[in-house]
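Taking this note's numbering, I'd label the letters of the sequence shown as residues 323 to 440.
Derived from the structure by calculation, the hints contain no laboratory data.
Quick caveat, the model's predicted, so the values are computed rather than measured.
Ideal placement from N, C-alpha and C gives every residue a C-beta, glycine not left out.
A portion of the hints provided could be inaccurate.
Okay, the calculated beta carbon distance ranges per label pair [as the list claims (entries may be wrong)]: (1) Thr368 <-> Lys348: 22 to 30 Å; (2) Thr422 <-> Glu382: 39 to 47 Å; (3) Lys348 <-> Leu439: 38 to 46 Å; (4) Ser392 <-> Ile357: 19 to 27 Å; (5) Thr418 <-> Thr397: 15 to 23 Å; (6) Thr406 <-> Asp346: 28 to 36 Å; (7) Arg325 <-> Ala376: 42 to 50 Å; (8) Gly361 <-> Ile394: 16 to 24 Å; (9) Lys348 <-> Thr406: 35 to 43 Å; (10) Thr408 <-> Tyr431: 20 to 28 Å; (11) Pro355 <-> Asn383: 39 to 47 Å; (12) Pro438 <-> Thr350: 31 to 39 Å; (13) Ser356 <-> Glu412: 30 to 38 Å.
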Amino acid sequence: MKRIIVIIAFVIAIFSFSSCNKDDFKATTSIGPSIVEVGPQGGNLTTTFTSNAAWTATCENEAVTIHPDSGIAGTFDVLVSIPTSTTDVETTYCVTFKATQESSTSTRYFTITQHPLQ
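Construct the entire structure; sequences and hints are all you get.
See the structure below:
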């Protein structure tokens with residue numbers, strides 16, 4: 323009887339460990355604020371980004387700088403610098419935050435609307 327209990331416990335342990343696999347991980351992120359406005363003078367804006375996986379931040383507009391632009395899991399205050407406007411047209415910048423772990427990806431956006439020169 324004792325031998326049967328040991329065998330059953332062993333089988334349960336094997337199934338318990340085999341059910342945990344790397345595919346169960348899900349990258350999660352949050353950002354705040356996610357939408358801001360800035361005057362034509364531009365400036366430095368801060369958003370708080372949280373991720374449970376390694377992440378990167380990018381912007382298609384090369385005049386926008388991001389610091390830090392990548393990190394490990396955790397919470398980060400990210401500084402985004404917007405250049406001075408030289409046009410009389412409203413400009414929208416989008417910073418893309420992407421966290422990836424194995425096959426799981428989570429994406430958030432920080433959108434900045436810059437008012438035009440008057």
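What are the numbers of the hints the structure violates, in ascending order? 2, 6, 8, 11 and 13
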